[in-house]
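Engineer: The hints should help you fit chain W onto chain L, whose structure is shown.
Those protein sequence lines, which keep their order, are chains L and W.
Residue numbers are given in the working numbering: position 172 of the first sequence equals residue 172, and the series is strictly consecutive.
With positions in the second sequence counted from 1, the corresponding number in the working numbering is that position plus 1000.
If you are wondering where the hints come from, they were derived from the structure by calculation, not from laboratory data.
Wrong hints could be hidden among the right ones.
Covered by chain W, per the in silico footprint, the following chain L stretches (three or more residues, Cβ under 8 Å) [said to hold, decoys possible]:
(1) 301–311
(2) 323–335
(3) 353–364
Residues of chain L placed beyond 10 Å of chain W at every Cβ, according to the derived structure [as the list claims (entries may be wrong)]:
(4) S15
(5) E156
(6) G282
(7) R390
(8) N418
Every residue, glycine too, gets a C-beta built ideally from N, C-alpha and C.
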Amino acid sequence: MTNATPALLTLAGVSKRYGTVQANKAIDLEVRSGSIHAVLGENGAGKSTLMKMIYGVEHPDEGAILWNGEAVQMSRPSDAQALGIGMVFQHFSLFETLSVVQNVSLMVKGTQAQLAQRIVALGDQFGLTVDPDAMVHQLSVGERQRVEIIRCLLLEPKLLILDEPTSVLPPQSVRLLFDTLRSLQAKGMAILFISHKLDEIRELCDEATVLRGGEVTGRVDPRDHNASALATMMIGREMPKVAATKMVEPGEVRLSLKGLSHAAITRFGTTLRDINLDVRSGQIVGIAGISGNGQQELAASISGETLCTSAEMVTMMGKPVGRIGPAKRRSLDFTFVPEERLGRGAVPEMSLADNSLLTAHRQGMLNNGFINRKAEREFTRSCIDDFDVRTPGPDAEAGAMSGGNLQKFILGREIMLNPKVMLVSQPTWGVDIGAATAIRRRLLDMRDKGAAILVISEELEELFEICDVLHVLREGELSAPLDAATTTAQDIGAYMIGAKT
Amino acid sequence: MKIQLIRRDTASRLAMIGAPVLALLLACLASLILFALLGKPAGTALYALLLKPFLSWYSFSEVLLKMAPLLLIAQGLAIGFRANVFNIGAEGQFVIGAVCASALPVFYPDGAFPLMLPAMIIAGALGGMVYALIAAGLRTRFGASEILVTLMLSLIAIQVLNYLLLGPWKDPKGFNFPQSVMFPDNALLPTLFEGTRTNISLIFALVASVLAHLLMQNHFRGYQLRTAGLAPRAALYAGFSAPRMIWISLGLGGLAAGIAGASEVAGPLGQLQRSVPSGYGYAAIIVAYMGGLRPLGIVVSSFLISVVYIGGDSATVSAGLPVAAVEVFQGFMLVFYLLTFTLIRYRVSFFSQARS
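Looking at chain L on its own, in the form it has when it is part of the complex (with noise of 0.2 Å):
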């Protein structure tokens, strides 16, 4: 393809090693100017490392990038913005300390005031609410994804980078942010859309490079190719299916919520208003919701971090527990995987094995008090052998793991308890398709031998995939029981955005 015109961002040959790892290798790419073009792999197929590259945050160790054809040198992401390329991160670059219009100030020229309407109009433009005074310490994870869209889009960039931007918002605010890149499109900016989304790019991008293990696997039309064909492209094989799981009859009650309701703790939390919910054994229920409209609180108050203000708005396997603390709850068989996984769910200076620790010390690893390192070990062994983590041993430390494998140790930990009832928060956050699938089939496993387990997810495919029933939390309140088989994406979005309750 040879037009007359340079492209907008080329690159050419650009290779970048982190230590022994090639996370990126002789790749070549070329984006034009009112083009959406996707960049398709798997978690660690080196698509944030090559934005990054391009972002100027990282710098290539071999191979150039060109924009306008002509070479440049960027070495800080003021440089790349400076050229007219904006990004919005995968993992947030935003200051917690700080407010949501203090953020955007320290890139967007204009006065705090002016932007904050700036970020309102923008905001109602694109479905993309967000209060500007709102501390970013106190934001879920899908209201930083918002600030971070909204700070790119003031600045008015002529490329525009979006790194897994779909993943925390409901379907009806992924078409309109679809409807805002097409305008943007239609105005002439260039996008580069990383996902891992067959279907969403299909609908959106008119070019696709898919990268694998760092390289280049293929360069196509993706309105062209049906999504297993992407996907073999993407993964090197045939797409991994759940397997249909036979459906069993619910039984008795194991976790339920009575009227529970909850004061905000702080400023910009979410106050939890009469929820009503049971799960039973032999049941997922799942619960669907943006980010920020009282999951976390919710998690807290069934898992025990937060204590309810009285005992009987949480019943455990019968018991009223709501006045009692985490590790209470947990000597009735119950388990829990929260959104966080480094410094909650796992503590990132210790060894995977001090990690099983944790919460697993119950499982024969004490003697008097004293921990049983033999115990431990296995244990821990067992969880990274079952739950495919890959990691050099036991003795690596958490923090040093990808968000993927990480999931699954602490999920293959909170399995391996052996629950009667399980709570699980976004359990496929950043996991890879492969991971992700596996994580589901396992908590349907769990399912089918009798376990109760209750699943809060912002992604609506996967909910619909696992979960028996479904509810919605939208500010603070929770929806009835929806029967999963015969809802849809569309009602499930129409309850997030307060169109029906």
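Structural biologist: Quick look at chain W alone, frame taken from chain L:
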């Protein structure tokens, strides 16, 4: 050019041991320059600081005498520091330990009390512990910072000591000096070596080191304390009680400081004096951090700091160094230690712009 610190995946064990040694060498080098700039005989000063303590049995025994309270207090403090409970008032707990232990010989100056010495040590331990637990109560009940509370309690402890020595506990036959009666023989710790002042409190400190090691490395309670320090939200997630961690941390810190205080009056001092608060409680904070908050590391760091203390005394005499210069040397040691320790955990990465 951009310089970044990047966390290492694993810290090399050799580097962990080498860091304090390297820090010591760097501190020596920096002080040589400093002493020379001061116009003092740098070689003589360093010789006195580092070698003299080893050249006579008596001065070496003095090193061991200083080491005992530093080691004991630092072991107690390090447990709390690893749980993010910052007891910086060990000095006050040390004083209260000394006061409580002294009560027995003050009221029984003829030594007519059964098991005098064990009773004194227990009284000192309980006194120091209860005193530290005041801060635990205020922290868990009202959220008061234990840093401020323990520090202010130290000032109160010193006033309590002054009150007792200037009033009720003053030795009636002591020519009005602010000090208690001399303790009877059965209220004094036996010495370890003939002709020295080193006493069995060194054994207490070494036993405490072993116990601290077992607690922190091998016991679940120690694991809970470490988790509370490294990732408080993970501790909450797992259901480890945060208030309990605070009570344990402050309790053990106060206990150790109290025993050290009791050993001070029952050891080298032999009576309760106004010189009891001599800075051990604060120096132990440095000792704890220089030992990497690890029980075995603290054994080494308490020894090193004691050497520098004894060496510093002789350097002020033989090389005419000002006392401040000795303190600067100690400061160098801490700074260089922190520097080398950082380089163990992180590697420095330089990014140059001119790369294509």
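Engineer: Which constraints among the numbered hints does this structure fail? Numbers only, ascending.
Structural biologist: Violated hints: none; all satisfied.
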